[in-house]
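**Q** Please model the complete structure; the sequences and the hints are all you need to start from.
The sequence shown begins at 95 in the numbering used here and counts up one residue at a time.
Worth double-checking, as some hints may not be accurate.
To be verified - Below, in silico cross-link-like pairs of lysine-lysine (DSBU-like), each with a Cα-Cα straight-line distance of 35 Å or less:
hint, residue 1, residue 2
1, K159, K112
2, K134, K168
3, K151, K134
4, K134, K175
5, K159, K175
6, K168, K112
7, K168, K151
8, K175, K112
9, K159, K134
10, K112, K134
11, K175, K151
12, K151, K112
Claimed, not checked - What follows is a list of derived Cβ distance ranges for each label pair:
hint, residue 1, residue 2, range
13, L218, G110, 23 to 33 Å
14, G180, A120, 26 to 36 Å
15, A179, L218, 15 to 25 Å
16, Q137, K168, 18 to 28 Å
Honestly, the hints are just simulated from the structure, not real lab data. These numbers were taken from a predicted model, which means no experiment stands behind them. Glycine included, each C-beta is placed from N, C-alpha and C at the ideal position.
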Amino acid sequence: MQLVALTTVERSLAHGVKIEHKSTPAIEVTAIYDSGEPMKNAQVTVYPPSSDNAWTKGTTNDQGKFNFVPDISKAGNWEVKIRQAGHGGIVVVPVGEGAIANSTGQASTAATTQGSSFTPLQILLMVGSVTWGFVGTALYFSGRKV
Numbered sequence: 095m096q097l098v099a100l101t102t103v104e105r106s107l108a109h110g111v112k113i114e115h116k117s118t119p120a121i122e123v124t125a126i127y128d129s130g131e132p133m134k135n136a137q138v139t140v141y142p143p144s145s146d147n148a149w150t151k152g153t154t155n156d157q158g159k160f161n162f163v164p165d166i167s168k169a170g171n172w173e174v175k176i177r178q179a180g181h182g183g184i185v186v187v188p189v190g191e192g193a194i195a196n197s198t199g200q201a202s203t204a205a206t207t208q209g210s211s212f213t214p215l216q217i218l219l220m221v222g223s224v225t226w227g228f229v230g231t232a233l234y235f236s237g238r239k240v
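**A** Shown next as structure tokens:
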């Protein structure tokens, strides 16, 4: 008896992320996937300079945009972390007298991409699953024919 499996193969795209910011009275951060699709409703966390405590949190809009007004008295590099479904990245936004003066008349942009990262437990689970799949397949095909 012959077993035939019919499957469809869909194209799978890895999602890189592009994150940009513009300096205006407020900071506007835009996050889009490599495919050009905006990161809708992605989690955003903003960190002030030299602090591990979040200054504000929110989500991106349907165009992948998030706006915030930083405390100008806290000059330095602010970090904006954007994550969605294992994809995301961090963009560094310079804030302060020098940073805002340099961006007058020209929008300051920066982009950082970061692929998804897995925890050691997730990696161990994936390796175990693949190994079990190979072993199970080998045992299945090496069984006695009746």
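**Q** Evaluate each hint against the coordinates.
**A** Okay, the hints, checked on the actual structure:
As the CA atoms of K159 and K112 are separated by approximately 12 Å, the hinted pair is consistent with the 35 Å bound. A C-alpha spacing of about 29 Å is found between K134 and K168, which places the hinted pair at or below 35 Å, so the restraint holds. A threshold of 35 Å between alpha carbons decides the hint, and for K151 with K134 the separation of about 15 Å falls inside it, so the pair holds. The suggested pairing of K134 with K175 holds, with an alpha-carbon distance near 14 Å, which does not exceed 35 Å.
Distance hint between K159 and K175 is fulfilled; the C-alpha atoms sit about 13 Å from each other, no more than 35 Å. For the given pair, K168 sits about 26 Å from K112 by alpha-carbon distance, which is consistent with the 35 Å threshold. Only pairs whose Cα atoms come within 35 Å are accepted, and K168 paired with K151 is accepted, the gap being roughly 17 Å. In summary, the hint linking K175 to K112 is supported, as the alpha carbons are separated by about 12 Å, within the 35 Å threshold.
The straight-line distance between the Cα atoms of K159 and K134 is roughly 8 Å, inside the 35 Å bound, and the hint therefore holds. Annotation: proposed proximity of K112 to K134 holds, straight-line Cα distance about 13 Å (limit 35 Å). Of the pairs offered as hints, the one joining K175 and K151 holds, with about 10 Å between alpha carbons and a cut-off of 35 Å not exceeded. Between the alpha carbons of K151 and K112 the distance comes to roughly 19 Å, so the proposed pair stays at or under 35 Å and holds.
For L218 and G110, the hinted distance range of 23 to 33 Å is satisfied, since their beta carbons lie about 25 Å from each other. Look at G180 against A120: about 29 Å separates their beta carbons, and that is inside 26 to 36 Å. Between A179 and L218 the beta carbons are some 21 Å apart, a value that agrees with the proposed interval 15 to 25 Å. Distance hint check: the CB atoms of Q137 and K168 are about 22 Å apart, consistent with the given range 18 to 28 Å.
In summary, this structure violates none of the numbered hints.
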